[in-house]
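Novice: Given next are the chains, with one letter for each unit.
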Amino acid sequence: MASNWTERISAFCCSPSGFLSGTNPDAFLAELLRELRDDRASYGVKVLLLSPLCEYPTLLCSSESVGEETALDLMSVFTQCPPRFSQFRCHLLVALTSVLVCSSCVSNRSRASLDFIDLLLQICQDTSDLDGDGTQRCPRATACDCLCEIEASCPGLLSQRLELLAGLRQQETSWLHQAYAGLQILVLRNAVYQLTKQTGAGAAHLKALLDGNTSVAWEADQEAFHMVTKDSAIQSSLILGPMGRVLTLHTGPDCKELRSVLSSLLEESYLLTPLCQAALFHRLTEVVAMVPGIPPTTFRAQLLRLLGTNEVCLLHVTLLMKCAFTDSLFSAEDEAFLLKRLVVLSQHPLLSTPEKLFYMDCILHFPENRPINCGDSDEALPVLLTPQLASALLPTVFNDSATLLARLHLQALVFLEEGEEGGRGLAYIYDHLTALLHIVDRGGSRDIVVTFFRAAFLFLFYFQHVEGYSARLSEQLCQLYLQHTQLAPHILNLVDKTLERLPECNWALGLLQGLQRAISTAPLGQLTLRDLSCHLKVLARVAEEGKISQCSTLGFLSAVITQSSSLLCTSGDWRLGNGLLGVCRRVLLHPSLDSLLIPLADILQHLTCYYGDTDIQDHARLYYTLLTTLSREKLSVVLAQSAAEGGGQVKKRTLSCVMAESEGLTNILTVHQTEQPVFQLTEALSGLQQEMENLQLSQDEGDKALESYRAQFSESGFASQIMLKYHLTHTEPHDPRFEQIFSICLHFSLTDDHYEQLQDISVPCLFRQRPLPVVQLTLKPRRPYPTTIHVSAIFTSKDGLTWHTTMPDVHVEFQQAFLPLPVPLSWSRASRQDVFEGLWDEFCSEMGDSIISLFCCQLREAALKALVEKHFLPFLVSNLSQEDELRVLLFLPPRSHVLLKISSEEDATQFNMATDTRQLLPHMNSYLLTVTSSQDESVR
Amino acid sequence: MSLRALWIISNEKGQKASIQFSKRFSTVEHRARNLAGSSYVAVPEDSDFLQLLLTELGLSNSNKSYVADRDDCLYRPRSPAVELRLNGKGTLWPVLVLSQGPLILACLPLVDILSEPRPPLANLLSVSQGITLLTGLQTFLLGSGVKLDSEGLASRVATLPSLLLQVCPLGTPLDTPLAGTPTASTVPTATVTQKQPAWKTGVYRGRATVNVAVVETVRSMQYGNQSRQDLWDVYGTVTCKCEVEGSLPNVTVTLSLPPNGSPLQDILVHPCVTSLDSSILTASSVDNADGSAFSGPYKFPFSPPLEPFRLCSYTSQVPVPPILGSYQLKEEENNLRVSVSLKLHESVRNSFEYCEAHLPFFNRNQMGVVDVKVSSGQVDVSKEKNLLVWGLGQKFPKSREVTLDGKISFTGSSNGPSDPLCTGLTAYIKLYLKVPDTTLSGCCVDQHSVQVYSSAKPRIVTSRELQSKEYFIWNSTGSAPVSSGQVMM
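Chains as they are written, first to last, in UniProt numbering: chain A, 1 to 940; chain B, 1 to 489.
Excised from the complex, chain B in its bound form:
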């Protein structure tokens, strides 16, 4: 349940990959040697490790199209745990790798099961612990996940030695770095009778406030084709920020659905939830939907940590997508005839924070003449001349339907971007939308249903929001890729 070593590698485009930080846990290594006996494989030095890892991840020699060591078809990288074949000195396994943006994080968990051949990953607790630690470090190093500045990264890397002293001093991961810093003032616990949770570094002093936000995300693939079923799904997260006094205060948040709402599925909860009713967990998206399923209210009693956290997440099968679209392209002599219509479903609140439809064009020249008319909103051509942006503003018209028609000629002087998927008439519209104060599943948190067991009356704020992600409407006159095998079957 320990790690032998840890590496943080930066691999920015156009620059040589380099190790920003590495740490070996010598006492764990000592145990690894004892446990493995004659089959012990030592951890190579940093430069060798880096080279082997890059080859394994297919990142080395990127200019060569085929390298036998890297591209052999027999070999299937078993991410997240890869093996590094050291030259004649055995195989280092399992190296856990997490990469995001310019950062690659890797660690080598201790294998504490003696078996030949190697034990399955699923039997080593150190693997999931390693994933947890690496994920925590990744969040800490990349911050909110927006583009990373190298200075920010360097300063965070510099704090790693003292951070690791807290979360993983001798190779056994104890905690993950704190994701968000508690905003409210806290004091270290004075003498208390109740035990303080280890995931809470102090106690809050001040007026009790509980903030609960439900954010739903809708994804969709619409083909506008009789033979292809349109797809959409919704998943939601409930995020809390609780400022409540006491070392182990009790809070209960209740999610409720409208009378005919379909049950929340695949519910996952934060570890601070103290108990769960088994009926809450029964509904699952991979099951045949059962009409008699439990449909709330969903009670989550918990004791909040100081920082904001995700109390739970769920998925839901809603009967309709919020916006139903159709997209048709026709190749004419020198033009592409475009025709789009979008229809907002009547059950969705007609008040957007924003709503934009993006029409990208690949594997063509830049756009020349763009002659399109819209029934609502306005159309802009992107600076690179390969994308139409149709801004729909805050509201659909009363009819709840908008259209775009017109012709585009691709007579620009230079080539636009290429994409191996979107060739010929294979094209899509991507919708970006955000609707405040609504959810598609109807799931909501009533202010009065939030219970806080403390003397003072707490201030309670709740909010809801719907947003889109991967919301595609494919051109119905071209072929479109399959996005879900389940529906096809």
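Okay, chain A solo, but in the shape it has when bound:
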């Protein structure tokens, strides 16, 4: 059982939605809680069982009331757990916190959450083990962490406990004082924030808060409390920098109490771990920022220690302090020192790459004492960062790609600021780019290739106007391309992005021209087919630019197809042919077409006659005809029409795909994806009830009823299927494109292994105004559990396009697997009852997976009758009118049974259950819960 739980929990955590689609969240939660209460389960397994509750409490406790009940259950587990299992107790506290916070019990101050907070406070104060073996330590620390989390989620909740917490921290000498300190400063910070929100609050209020002598009861200020917690601003950082405004509390210079609390926390800060120190300083900074009565110089004594630290979080919090207090805490010298420090750290040999990159980011967002550009969060260089200082961060080829790009970016900003366009810095950067290019040229890895193109883009983005460099880059890229034609997609991507980001810049067009020139002047002798395919891609892109003359492109095409005709034309490669046509088609649209008429016609004619692929020949012929017969205006209209996404007419689309081999053809050849589901499966009423009425009561099986019932199962496939009928219907909103749909192929994929794989189902057509087609799903269960089936479909729309659509999931409910007793129709009621009796007795022995159970509810007699008629009539073995005990036999393929004896006692209706498959019980339970409660309501 334990290993089973390990698997199930890991399955749940891998994909909670997938796991829960195969079961019922309530049932799973109930199982978890039952196992947690089970004394036989080991605590190792129990810790595991808590992880779904810790990590996904909202999935399991969908409402506040479920959360509340779960918490009560967990608390009872906590009280019953012996103290020596401290690890488990800690995990339990974490799970409780997760459940109560996430199901909003804490924010609504439910009973359970208040009890839990009391429990936590109690654990926190339990110092009885001071000389013990330390087992209690862990729960105490965890209880503090839980309180911290509760206070963070519900700010102000513990503000009345400040004095208690301060006392606990001061008395504590073991390392636990850290947990108390974290809790105290958070509660203090939230309490001060609340005071800043109250008009007229001042020194007296603050003092009262710290002394804990507020006689105001817990519940009394509920309204004020709610107002503040509903405002999520209290949860966000209050360190806003010189431009942000923090609400302040006016206390005057006299706030001795707060001052003493803060200095005592600061004094002991050294004793905390670096992570907790950083958090403490952050909170303290917020408090001091809110209370102008406390000067920021309070931090002065800690500063030197922090400035020399090797801990990233401590230096970071120092920078945040600087952001909050600027020159009221940091002198100009401090500022210069900090910036130098950041430069040093950004390239320190002992630090890891992520740390270095983070420090570099800190340089770009350096909190200056007197910032010039303000407000926006965009990257800007600090004034003190001179090119000389920044030169420590020049990129080299030995850097990893992230570092290289980050450094390049920083340097670009530095040189841009300096305005030194002919300077040595820029020359260095360009040399560096060239060095990268050489590495790419000599066969650098994919990572280097991508990095080079990103670096090139960065360079162009900032320095495209420095013509000497950008022209050289363009030249070098052309040479690089000729050596490595497989870089075509990278180069074209660079072209497109430069055009997109720098629309007024001509560099990209220059590069395209350069590529065209390079391709058309390179000797043809060495041209491989792979190179050619890349060249055609590049030339097609070049031909899209109206400003670039296409003469040399056509010259190249003509040379390729005539000179090396033996190779290219006879091979008849369809892809290459398409590539050639792609260039031609773009030239057909080119503004300078008139001057290109003859060479283009020659090329098309040559292809028509000699290309070794009929499809390509046909296309070439069509283009030739269009070119030679249509006027330019008509030609561009026809081609433009085909290029645009036309809708509706089948004829037009066929034509267009002949014209535009790329867009139109791929359009018709590819399967399109719908954005929304187009149709869905909705449950059709099953015909079970009618079938049951045909029941003939004749054949009597005598004593052997059970035996002959069992004998039927020897035949393979007997009663192993469930038929479910669905209508295929259009979804709303209505999409005119899918009014009429043809050749629908439905594909089903299971989300678990409870059922055998389903066959695809074909539906000829679906019209909006016609009767709905019925789809019959034949399910073959391995285990008759509820399940979810993903459905998708491929279909053809009226305009001839093929579509793929994802349909809403089909949920197979537990009760849909119910079948009546699978015996011949001719069997008499008595024989059926014999089978029932036989099975009942067998199951009551509770051998194997057999189990009995009892479900009770309050239903009046009429209600019960209605319920049975509505839900159980087809499965009824006894007579509805005659007996006071109703017998229901549910058969679930392939071989499970659930037997029910339903009787009305004076105060309750009892559902006695017996089954041979104990795993069905939770499902049965939740099913009964649903039907009885709904019946209850409907009768009332």
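Only true hints are included.
Cut-off 30 Å, straight-line C-alpha distance, at most; resulting in silico cross-link-like pairs (DSS-like, lysine-lysine):
{"#": "1", "chain 1": "B", "residue 1": "89", "chain 2": "A", "residue 2": "497"}
{"#": "2", "chain 1": "A", "residue 1": "865", "chain 2": "A", "residue 2": "725"}
{"#": "3", "chain 1": "A", "residue 1": "497", "chain 2": "B", "residue 2": "64"}
{"#": "4", "chain 1": "A", "residue 1": "256", "chain 2": "A", "residue 2": "207"}
{"#": "5", "chain 1": "A", "residue 1": "537", "chain 2": "B", "residue 2": "64"}
{"#": "6", "chain 1": "B", "residue 1": "195", "chain 2": "A", "residue 2": "207"}
{"#": "7", "chain 1": "B", "residue 1": "195", "chain 2": "A", "residue 2": "256"}
Short derived list, chain A residues pointing at chain B, Cβ under 8 Å:
{"#": "8", "residue": "16"}
{"#": "9", "residue": "320"}
{"#": "10", "residue": "453"}
By construction, these hints were calculated from the structure, which means they are not laboratory data. Every residue gets a Cβ at the ideal spot worked out from N, C-alpha and C, and that includes glycine.
Given chain A, put chain B in place with the hints provided.
Specialist: Frame of chain A; chain B shown alone:
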């Protein structure tokens, strides 16, 4: 200042990347939803997350040379915090990623600043906290950083739930996993008057011992070329192991330099150092060297943790490299003529633990005939026949200069390794050396300068050591890559 989720992914070469461990902090997620309001982006399930992350890191579809989503030149991955673009469901940011060897660690810090567009990373404390936690976990999972066995990793991953309960129970990182385990016996603190630091789990009982080790590492790039300035730098670390009684004992370690030593720069200290003199921090390697700079003694008062720790680190600008080399290659008909000379500087102790010069050859066939003579030491050809290893033993000869001359033919049957940097005559020698009981900067810790404020007289052990890392001597007849922009400017 909290994390929403944490992932540990293994991505070994030749195997499919998989998530070894993941953890979601539901209460932090609850806060994230409150804070972000309508712009809230939920954390995707593990499998989706993995796929998105691999694409983002350029690790997906490694067989395809260009994938638009992955290789767009416009996009610059802002490591250490990347963004994951979820299909039509917003962008998950900032995902912190640390990867080393076969392990990728990632976490998602809570963004507690409401701003549009997103706030800068530098304003979120949770980012540096996340980096700290991930670094700690990485050290814990990979151990000493040597090659990792999958079983060791699996067993360490299995302990993560209980480990996280200590260091990050509800998403707020409190501590990092202990890097080294304290070796000496400790007892939990009994009733004491002094507060126990949270970074110390017990107190030491026994004889007081303080161990201080100074290790300096020298890096160098030598070009043997008038137009290119040779480069070298030195950085040092001071590691301590202190076994001293008391919950908050005081120890002071003092570093001192020889009379004309250049000042220690860029000093970084461990958080257990209680106070610092501001003059110690002033010298910086990115500054113009100031002759009047403070040059010690450098006092570090601290209260030691139980485990070994790095008390401080520094860099130093020494006037000369320990070994000056020259490397010349000449392409002859079918041979490569090799000529090397290495000269040990007179100020360096001529007593090595080891000293080896490696001469790798790339983008050529395997070596055929190797005909080289050395004035000292011995030369071996590696098994793969693409590397000469020149072992120099423990000592340079009296002249302090050694040479290697000879011819190599690359007539082997198969290709050696390739490298995009080292083509043609671009080649290097890499030096591996370790010299005990010396430092290049002259920095040392005198036994008598270590002060321990306790009743019993402590045993004090100090040591020094010089080692090399990235110590390259480039062939002066070929072009060599630029390794520092600062010098070039």
